[in-house]
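K.L.:
Sequence:
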Amino acid sequence: MSTEKNINVLWLYDDLLDLYGDSGNLMLLKKRLGQLGYTMLVTRSSLDESPKISEYDMIYMGPGKAKNLRRACEHLLTLKDEFVKAIEEEKVFLITGNARLMLGKGYTDEDGTFVKGLEIFPYVGEETGQVFISDVVANPQFETNESLMYGFINRTSLIKDNVGPYLLKLVKGAGDEKKGDIFEGNLYKNLFSTWLLGPVLVKNPQMAREFIGRLIGREQVAYDDTLETMALKMTLKEFSL
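Quick note on this note's numbering: the sequence shown kicks off at 160 and runs consecutively.
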């Protein structure tokens, strides 16, 4: 949790991994933090740099094309010690879409090549080259009142053998591998990781509040998100929920 009025964010591989408007997560955070008296400073870092990841309050990685993901993953391995250090120091992470493949043991690329991952989680990934889409409704595991979240999956890859700790318990839609999965994503310490796109913090105000609370302290999270809450309720009505 930051004690300063500046929140320093590291956006890894912004030039390679930026699909589906997921950078909107950062736009929302900047707006909300500004309303709470904080200034969010974003540092962009890519293949030609070796940032001290643990010096930042928050780290963000979004989804990208398969060929870009492989380049990012090979570089991220050189930063593994710093990445793991930041996780264990409970810095706040948001990892969305196929960037999650880099957090496991590794993944099989579309051409059959195994790309080694960070081994933060024991799962493995696979790039299938086939488009898979699904609406998702789920209960966030950081809450006990069983509120509902909504998201959308659009992917050509999947994750096998995710054993948790999980971010979401599914009510409808697909998880890490297929439809019928019980859980989706991961939440370990302050690392949030999910397939849900488009962007997940904008669509789900309760997750945004949880995320910001871990950045600055829950007692400081006081702003009006009535419109976002109404939009989420209207979306969930489409699924008779």
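Calculated directly from the structure, the hints in this document are not laboratory data.
Mixed in with the good hints, there may be bad ones.
Claimed, not checked - With a straight-line Cα cutoff of 30 Å, these simulated DSSO-like cross-link-like pairs (lysine-lysine) come out:
hint	residue 1	residue 2
1	K211	K164
2	K348	K337
3	K275	K244
4	K338	K348
5	K189	K211
6	K211	K239
7	K331	K396
8	K189	K275
9	K319	K338
10	K244	K226
11	K264	K164
12	K328	K211
13	K264	K338
14	K396	K226
15	K348	K224
16	K226	K239
17	K275	K190
18	K224	K239
19	K392	K226
K.L.:
With reference to the structure, classify each hint as holding or not holding.
P.N.:
How the hints compare with the structure:
1. Our distance criterion of 30 Å between C-alpha atoms is met by K211 and K164, whose separation comes to about 20 Å.
2. Distance hint between K348 and K337 is fulfilled; the C-alpha atoms sit about 26 Å from each other, no more than 30 Å.
3. With a C-alpha separation of about 19 Å, the suggested pair K275 and K244 falls inside the 30 Å cut-off, and the hint holds.
4. With a CA separation close to 27 Å, the supplied pair K338 and K348 stays within the 30 Å bound.
5. At most 30 Å may separate the alpha-carbon atoms for a hinted pair to count; K189 and K211 meet this at roughly 22 Å.
6. Using a Cα cut-off of 30 Å, the hinted pair K211 and K239 holds, with the two alpha carbons roughly 11 Å apart.
7. At roughly 13 Å between alpha-carbon atoms, K331 and K396 fall within 30 Å of each other, so this suggested pair holds.
8. With a C-alpha separation of about 33 Å, the suggested pair K189 and K275 falls outside the 30 Å cut-off, and the hint is violated.
9. Between the alpha carbons of K319 and K338 the distance comes to roughly 13 Å, so the proposed pair stays at or under 30 Å and holds.
10. Only pairs whose Cα atoms come within 30 Å are accepted, and K244 paired with K226 is accepted, the gap being roughly 27 Å.
11. Taking the CA atoms of K264 and K164, the gap is about 37 Å. The hint is violated against a cut of 30 Å.
12. At roughly 34 Å between alpha-carbon atoms, K328 and K211 are farther apart than 30 Å, so this suggested pair is violated.
13. Between K264 and K338 the alpha-carbon distance is near 23 Å, which keeps this suggested pair within the 30 Å criterion.
14. With a CA separation close to 38 Å, the supplied pair K396 and K226 exceeds the 30 Å bound.
15. For the hint pairing K348 with K224, the CA-to-CA distance comes to about 28 Å; that is within 30 Å, so the pair holds.
16. Note on K226 and K239: the hinted pairing holds, with a Cα-Cα distance of about 20 Å set against a maximum of 30 Å.
17. Annotation: proposed proximity of K275 to K190 is violated, straight-line Cα distance about 36 Å (limit 30 Å).
18. A threshold of 30 Å between alpha carbons decides the hint, and for K224 with K239 the separation of about 22 Å falls inside it, so the pair holds.
19. Using a Cα cut-off of 30 Å, the hinted pair K392 and K226 is violated, with the two alpha carbons roughly 37 Å apart.
Of the numbered hints given earlier, the model fails hints 8, 11, 12, 14, 17 and 19; all others are met.
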